[in-house]
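Asker: Read top to bottom, the protein sequences are chains A and B. Mapped onto my numbering, the consecutive letters of the first sequence carry residue numbers 14 to 450. Mapped onto my numbering, the consecutive letters of the second sequence carry residue numbers 2 to 93.
Simulated from the structure, these hints should not be mistaken for lab results. For each residue, glycine too, the CB sits at the ideal point set by N, CA and C. Heads up, a few of these hints could be off.
Unchecked claim - Facing chain A, according to a computed beta carbon distance under 8 Å, are these residues of chain B, among others:
id, residue
1, 22
2, 34
3, 45
4, 78
5, 85
6, 87
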Amino acid sequence: MSQNAFITEETIEGADDGPLADVTVAVKDNISTEGVRTTCGSAMLESYVPPYDATVVERLKDAGATIVGKANMDEFGMGGTTETSAYGAVKNPVDEGHVPGGSSGGSAAAVAAGDADLALGSDTGGSVRNPAAFCGVVGIKPTYGLVSRYGLVAYANSLEQIGPIGTSVAETAALLDVISGPDPRDSTTRFDLDEDGNGTDETDHPAADSNYAGAADGDVDGMTIGVITDLLAGADDRVVEAFETSLDDLRAQGAETVEVSLDSLEHAVQAYYVIAMSEASSNLARFDGVRYGQSGGYEGNWNDAFARAREEGFGEEVKRRILLGTYALSAGYHDKYYKKAQDARAWVKRDFDDALDQADVLATPTMPVLPPELGESLDDPLQLYLMDANTVPVNLANLPAISVPAGEADGLPVGLQLIGPKFGEESIVRAASAVEE
Amino acid sequence: MSETPVDAEEVKHVAELARVDLDDDEVDAFTTQFAEILEYFEALDEVPEVESEADLVNVMRPDEVEASLDQEEALQNAAETEDGFFKGPRVS
């Protein structure tokens, strides 16, 4: 446990039997656990103890899993290296001089180090896939609406999903089988309704008759894989080399590859950050120290008291995003930033739909770079944002994607990302399982 | 050059809107960084107007009382409470 992968190590026993009996799971510390503190990696919530379980935690317990602890993370999910945690950085188990990626860095590091069999992370712009790639494990970002977000402390609601992390595609997919499904407490998981909101047949949820673990059969014979050329140009040569080797291997197994290009991707990172920061500025307004969180005990005008509590409770990256989001939504700038970002989001969605008409799944390197050294990248926020170029488009389009290990370069892991159509989790699991072969 | 140069006063104004105090060093650092980041966001100007269709429908349930947190649970994380209420700082 030397990588600082956990903020709180505490065992939560699940049911006596079930599909995850005898399986240990690390849970990212922004997912609520009844009676076990949930800090979101922030000093603001250092002593916050949720009075209820997130739906995914209930599902883990019902499936017999043993939760072994709350995994370290970038503060409120805001970062790609797990260095913005108020509880210290996490080391990459593959090479401890490097970051594990983020924001679910503790979750991926716990799995890579063998401290847990599986883990849950959350992915707003790549936060499951990025650390999975950097730690050499598997991570899935489900289609928006496949997994309940009830009990996930919100950062950017319209973008985020809880997703599983594991050492193999089949085991990771099996965890997705457990956590997916409709939830009356999260209306975005409801697909059983007509346009008037009528109808109650819950079997209409896409997960109802799915078998994600069963899809890990490695059979890519005849599958068409679209390679997104736009996302190769800016990537590190060593990453591209490992990526190309994996594609050769998939072709040898009978898959066909075609090149696709999506013009909208040039604007994806800008659109993602404007939308995520705007949503963050609204979501994090709730942390005023009155109902929960650090209050500081300040007297005087309430706005001054809140501003001082928030200065103390939030770290630098969280302040930066709250302020930029507030700016983007403020009078005179809303149309220039937020509205344009929504246009770009719709454009990205449309481009993906077109590309997925030409191919069954799409492929990119998960991360355009190898894991940075600890401390190397913190000083330049914009450079860190650009590192998310390959992962954020998927969240903008609400699509599913998986990161699967694709070898190493200079002793550091490289991840291959496979993107599927809406609720096409079985296709990306199938293709990823062939990469493992 | 950016059409929206950011100065320290603007950073302080946004911080006030967001109810986050900043010290002088933070104001300096954010002023420089915001100029750089906002200039990068400028490229959104090139994005055409795009029609989008909502994927989701409104979800309602019958308006009936269901179980929820009890008062003690709802108050358990509050720094200060009084007579079953949250207690916050003075309004003025």
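Asker: If a hint holds in the structure, say so; if it doesn't, say that too.
Answerer: Going through the hints against the structure:
The beta carbon of residue 22 of chain B is positioned within 8 Å of a beta carbon in chain A (closest approach about 4 Å), and the interface hint is therefore held. Taken as an interface hint, residue 34 of chain B checks out: its beta carbon lies about 6 Å from the nearest beta carbon of chain A, inside 8 Å. The restraint placing residue 45 of chain B at the interface with chain A holds, with a minimum CB-CB distance near 4 Å, inside the 8 Å limit. Of the supplied interface hints, the one on residue 78 of chain B holds, with its beta-carbon coming within about 4 Å of a beta-carbon of chain A, less than 8 Å.
Restraint check, residue 85 of chain B versus chain A: the minimum CB separation of about 13 Å is more than 8 Å; hint violated. Taking 8 Å as the C-beta cut-off, the interface hint given for residue 87 of chain B holds, the closest approach to chain A being about 5 Å.
Violation of the numbered hints given earlier is confined to hint 5; every other hint is satisfied by the structure.
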